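Listed here are the chains, written in short residue letters.
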Amino acid sequence: MREKDLGDYIIIADKINKTFPNGVCALRDFSIKVRRSEVLVIIGPSGSGKSTFLRCLNGLEEIDSGSITVDGIPLNENRENRLEIRKEVGMVFQLFNLFPHLTVLENVNLAQILVRKKTRKEATETSMELLRKVGIPEKARTFPNHLSGGQQQRVAIARALAMMPKVMLFDEATSALDPEMIGEVLDVMKTLAREGMTMVVVTHEMGFAREVSDWMVFMEDGRIVEEGKPEEMFLSPKEGRTKLFLSQIL
Amino acid sequence: MRKPSPLIDVLIFLCVLAGATWFVADGTTRLGYNWQWYRVPQYIFTYHEGRFTSGPLLEGLKVTLQITGASFVLAFTIGLITALCRLSDSVMARTLARGYLELIRNTPLLVQLFFIYFVLAPILDLNRFFSAVLALSLFEGAYASEIFRAGIVSIHKGQWEAAHSLGLSTVDTYRRIILPQAFRRILPPLTGQGVSLVKDSALVSTIAVYDLTMRGQEIIAETYLAFELWFTIAAIYLLVTVTLSVVANMMENRFKVAT
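Sequences listed follow chains A and B, in order.
Going by the numbering used here, the residue at position 195 of the first sequence is 195; the numbering climbs one at a time, nothing skipped.
Going by the numbering used here, the residue at position 233 of the second sequence is 1233; the numbering climbs one at a time, nothing skipped.
No lab work stands behind these hints, which were simulated from the structure alone.
Since the structure is predicted, the reported quantities are computational estimates derived from the model, not experimental observations.
Any given hint could turn out to be false.
Claimed, not checked - Just so you have them, the derived chain A footprint on chain B, three or more residues with Cβ under 8 angstroms:
| no. | segment |
| --- | --- |
| 1 | 1167-1174 |
| 2 | 1177-1183 |
To be verified - 30 angstroms max Cα-Cα, derived DSSO-like pairs, lysine-lysine:
| no. | chain 1 | residue 1 | chain 2 | residue 2 |
| --- | --- | --- | --- | --- |
| 3 | A | 118 | A | 15 |
| 4 | B | 1157 | A | 190 |
| 5 | A | 118 | A | 87 |
| 6 | A | 229 | A | 190 |
| 7 | A | 139 | A | 166 |
| 8 | A | 87 | A | 121 |
| 9 | B | 1062 | B | 1157 |
| 10 | B | 1157 | A | 166 |
| 11 | A | 15 | A | 139 |
| 12 | A | 190 | A | 243 |
| 13 | A | 121 | A | 139 |
| 14 | A | 15 | B | 1157 |
| 15 | A | 190 | A | 118 |
| 16 | A | 238 | A | 190 |
| 17 | A | 229 | A | 166 |
| 18 | A | 133 | B | 1062 |
| 19 | A | 87 | B | 1157 |
| 20 | B | 1199 | A | 118 |
| 21 | A | 117 | B | 1062 |
| 22 | A | 139 | B | 1157 |
Said to hold, decoys possible - Some but not every residue of chain B turned toward chain A, in silico, with C-beta under 8 angstroms:
| no. | residue |
| --- | --- |
| 23 | 1159 |
| 24 | 1162 |
| 25 | 1228 |
In this text, a Cβ means the ideal position worked out from N, Cα and C, and glycines have one as well.
Given these sequences and hints, build the entire structure.
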């Protein structure tokens, strides 16, 4: 096992339930805790509730019951709390969701200026540093639709990092990419993990999961089927369902 | 199938044009109408010893443009606010917006204009010009709001989610993310609404606002140049609306380059 100092619990989700208006039950009494600097990877078949859980963590979906606490702040109807949590939780989407009418630099600057109240100059400094980090400083003045999928996703990561979040959520960040671009995005994610960023990652990239995750969760039907350290999960899964899923995907 | 040569197209067009001209000319001859086009220009403008004086038609056009311009700004504002109300979480705001929309869309503009001029104006002490502007903006604003709503709804849900995940408030998200994108999409239908506004503004002549149409009627009453003047007035309206479309087209192309 890779040794890493994990801190106290930063995310505590306790018995959360979520049913969509169309009657689909996405989460059933789902509980999990994430420590600071931990990389949690959630795997499972589509429709198992992985993405819904991520979206609940920053209030994009409202939970029906249970409780979520992020860095000591309870996520509830209180609008201020939700805004506070969103500032501290960055999210990267499957379809990038860059703002197409803004340049790459403006995309990364925007929330720093509007939410963190930085000046344009300060924001630009941070943005350029982050764009260097994800390897595309030369595209700062370009509009997103002139970039490849991999580049767009790297900008999206820089945009989320610009808020200096304490937690990063990755919702199938590489699923919409051409195979040859998956690597460049995973590399950025690996760097983040190495630097001690707390990450919750929903992915089908088992190589990535095995290499960087501290804890893995296999989900189905809104429940945790099995959880454990990645090597245990890959080498000797306890549940038959996990075994089947892994054998199909590997 | 072989594409017909453009020459044939042009030829057919010229034939139709000649036919239409002949039809009008023949009709007016049978009526014994005495065309006096030479008397028209003085009503548009006069140019005398280096001094340019606008005639009554140009003065009327000025009023039409003032009314249209003011109404456009107001209708744009009303339309945007109504659209936002209809999309808001508040039941009250949604109901109010819906009520306004149905009221405006299901009554004739002429009746709305008379209602505002004869009922509201004396109560609220509005002048003629402002009554006209209010009636037109309330009317066009209702249609503009549907355009705005369609534009806002057409923006992908992911844009909202990305903005929210960055901690942007709803107001900031609308202002910086959703509306700038929606505006680009609705520019063509919004221009159509602007063109309607110019055309509908002719109705204000019924409450004796001295716009282009009213001025024309006035001149016709004095001179009996009905044919010439209605041709001229129609041409001026056409000039304004076509210009508007061309400008909107240019704006659209510019935005396309920018994104």
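Taking the hints in turn, this is what the structure says about them:
1. Remark: the segment 1167-1174 of chain B is confirmed as covered by chain A, as 4 of its residues place a Cβ nearer than 8 angstroms to a Cβ of that chain, reaching the required three.
2. For the segment 1177-1183 of chain B, the proposed coverage by chain A is satisfied: 3 residues have a C-beta within less than 8 angstroms of a C-beta in that chain, meeting the threshold of three.
3. With a CA separation close to 38 angstroms, the supplied pair residue 118 of chain A and residue 15 of chain A exceeds the 30 angstroms bound.
4. Restraint check for residue 1157 of chain B and residue 190 of chain A: satisfied, since their Cα atoms lie roughly 29 angstroms apart, inside the 30 angstroms limit.
5. Between the alpha carbons of residue 118 of chain A and residue 87 of chain A the distance comes to roughly 14 angstroms, so the proposed pair stays at or under 30 angstroms and holds.
6. Between residue 229 of chain A and residue 190 of chain A the CA atoms are separated by roughly 17 angstroms; this keeps the pair inside 30 angstroms, and the hint holds.
7. Distance hint between residue 139 of chain A and residue 166 of chain A is fulfilled; the C-alpha atoms sit about 26 angstroms from each other, no more than 30 angstroms.
8. A C-alpha spacing of about 20 angstroms is found between residue 87 of chain A and residue 121 of chain A, which places the hinted pair at or below 30 angstroms, so the restraint holds.
9. With a C-alpha separation of about 44 angstroms, the suggested pair residue 1062 of chain B and residue 1157 of chain B falls outside the 30 angstroms cut-off, and the hint is violated.
10. Straight-line distance between C-alpha atoms of residue 1157 of chain B and residue 166 of chain A comes to about 25 angstroms, which keeps the hinted pair within the 30 angstroms bound.
11. For a cut-off of 30 angstroms, the pair hint linking residue 15 of chain A to residue 139 of chain A is broken: about 44 angstroms separates their Cα positions.
12. With a CA separation close to 26 angstroms, the supplied pair residue 190 of chain A and residue 243 of chain A stays within the 30 angstroms bound.
13. Under the criterion of a C-alpha separation no larger than 30 angstroms, the hint pairing residue 121 of chain A with residue 139 of chain A is consistent with the structure, at around 18 angstroms.
14. Note on residue 15 of chain A and residue 1157 of chain B: the hinted pairing holds, with a Cα-Cα distance of about 28 angstroms set against a maximum of 30 angstroms.
15. A hinted pair counts as satisfied when its Cα atoms are at most 30 angstroms apart, and residue 190 of chain A with residue 118 of chain A qualifies at roughly 28 angstroms.
16. Under the criterion of a C-alpha separation no larger than 30 angstroms, the hint pairing residue 238 of chain A with residue 190 of chain A is consistent with the structure, at around 27 angstroms.
17. At roughly 23 angstroms between alpha-carbon atoms, residue 229 of chain A and residue 166 of chain A fall within 30 angstroms of each other, so this suggested pair holds.
18. Distance restraint check for residue 133 of chain A and residue 1062 of chain B: the Cα-Cα separation of roughly 58 angstroms exceeds the 30 angstroms cut-off, and the hinted pair is therefore not satisfied.
19. The straight-line distance between the Cα atoms of residue 87 of chain A and residue 1157 of chain B is roughly 20 angstroms, inside the 30 angstroms bound, and the hint therefore holds.
20. A distance of roughly 48 angstroms separates the Cα atoms of residue 1199 of chain B and residue 118 of chain A; the hinted pair therefore is violated under the 30 angstroms criterion.
21. Note on residue 117 of chain A and residue 1062 of chain B: the hinted pairing is violated, with a Cα-Cα distance of about 46 angstroms set against a maximum of 30 angstroms.
22. With a CA separation close to 26 angstroms, the supplied pair residue 139 of chain A and residue 1157 of chain B stays within the 30 angstroms bound.
23. Checking residue 1159 of chain B against chain A: minimum C-beta separation of about 6 angstroms stays under 8 angstroms; hint holds.
24. The closest approach between the C-beta of residue 1162 of chain B and any C-beta of chain A is roughly 4 angstroms, which is under the 8 angstroms cut-off, so the hint is satisfied.
25. This hint is violated: residue 1228 of chain B has a C-beta 49 angstroms from the nearest C-beta of chain A, more than the 8 angstroms allowed.
The structure fails hints 3, 9, 11, 18, 20, 21, 25 (numbered hints given earlier, in ascending order).
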